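Student: So the chains spell out like this:
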Amino acid sequence: GAVVSQHPSRVICKSGTSVKIECRSLDFQATTMFWYRQFPKQSLMLMATSNEGSKATYEQGVEKDKFLINHASLTLSTLTVTSAHPEDSSFYICSARKTDVDEQYFGPGTRLTVT
Amino acid sequence: AQKITQTQPGMFVQEKEAVTLDCTYDTSDPSYGLFWYKQPSSGEMIFLIYQGSYDQQNATEGRYSLNFQKARKSANLVISASQLGDSAMYFCAMREEETSYDKVIFGPGTSLSVIP
Numbered sequence: 001g002a003v004v005s006q007h008p009s010r011v012i013c014k015s016g017t018s019v020k021i022e023c024r025s026l027d028f029q030a031t032t033m034f035w036y037r038q039f040p041k042q043s044l045m046l047m048a049t050s051n052e053g054s055k056a057t058y059e060q061g062v063e064k065d066k067f068l069i070n071h072a073s074l075t076l077s078t079l080t081v082t083s084a085h086p087e088d089s090s091f092y093i094c095s096a097r098k099t100d101v102d103e104q105y106f107g108p109g110t111r112l113t114v115t
Numbered sequence: 001a002q003k004i005t006q007t008q009p010g011m012f013v014q015e016k017e018a019v020t021l022d023c024t025y026d027t028s029d030p031s032y033g034l035f036w037y038k039q040p041s042s043g044e045m046i047f048l049i050y051q052g053s054y055d056q057q058n059a060t061e062g063r064y065s066l067n068f069q070k071a072r073k074s075a076n077l078v079i080s081a082s083q084l085g086d087s088a089m090y091f092c093a094m095r096e097e098e099t100s101y102d103k104v105i106f107g108p109g110t111s112l113s114v115i116p
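If you read the sequences in order, they're chains A and B.
For what it's worth, the working numbering labels the leading residue of the first sequence as 1, then goes sequentially.
For what it's worth, the working numbering labels the leading residue of the second sequence as 1, then goes sequentially.
Honestly, the hints are just simulated from the structure, not real lab data.
Everything numeric in this text was worked out from a predicted model, so none of it was measured.
Glycine is no exception: its CB is placed at the ideal position from the N, C-alpha and C atoms.
Hints may contain errors.
Said to hold, decoys possible - Covered by chain B, per the in silico footprint, the following chain A stretches (three or more residues, Cβ under 8 Å):
id : stretch
1  : 13-22
2  : 40-46
3  : 83-96
Unchecked claim - Computed list of chain A residues with no C-beta within reach of chain B, every gap over 10 Å:
id : residue
4  : Leu26
5  : Gly61
6  : Arg111
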């Protein structure tokens with residue numbers, strides 16, 4: 001199979017601090033990973049496409065200086081929420097596509113609460 | 001413009017009955033893929049079924065089948081013999097192969113409740 005993990009699964013932080021979320025493909029290499037945000041009772045909204053070895057591509061309306069994405073290796077992408085505010089509280093999910101496979105594999109998600 | 005439309009915010013179905021969840025999409029890309037995912041209350045996204053735009057036959061996976069009508073741009077999910085564990089949010093999603101660099105975009109979702 002293809003497994004994507006995320007760490008941490010839950011995090012609570014104070015307003016103004018930064019939080020890093022890791023997304024790892026455990027048994028395959030992913031040149032591209034995707035970061036989504038999901039507010040309660042809403043759908044997944046794509047935030048950015050993370051490309052290994054190059055800058056991430058952000059969707060319209062997503063602040064690249066606030067949501068820093070680093071794709072350091074073929075199995076790891078990180079999302080850092082800088083200077084977090086309560087409105088950043090959300091469920092963050094990453095996904096990755098295995099080469100030549102149609103399915104997109106999702107991580108279990110990270111629930112961020114900013115107090 | 002909304003690329004994926006799911007017109008049923010909530011659906012109810014009796015256990016053991018079949019249910020159809022609607023999905024319509026909008027794309028000018030000749031090559032695309034359509035997905036259905038299930039999201040239980042735990043939050044994980046569970047892949048159910050995939051249909052490629054060039055696939056001649058409708059996709060099936062166990063109790064899940066996809067009613068793909070290309071001309072109408074619809075990709076409805078049919079769940080047969082509903083089970084209590086099927087209660088969850090269901091999302092239709094699309095990947096445009098040529099124009100969107102593998103991005104998967106999601107519809108608003110349908111909340112399915114299975115009644116015993």
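Student: Which earlier hints turn out false for this structure, listed by number in ascending order?
Tutor: 1, 6
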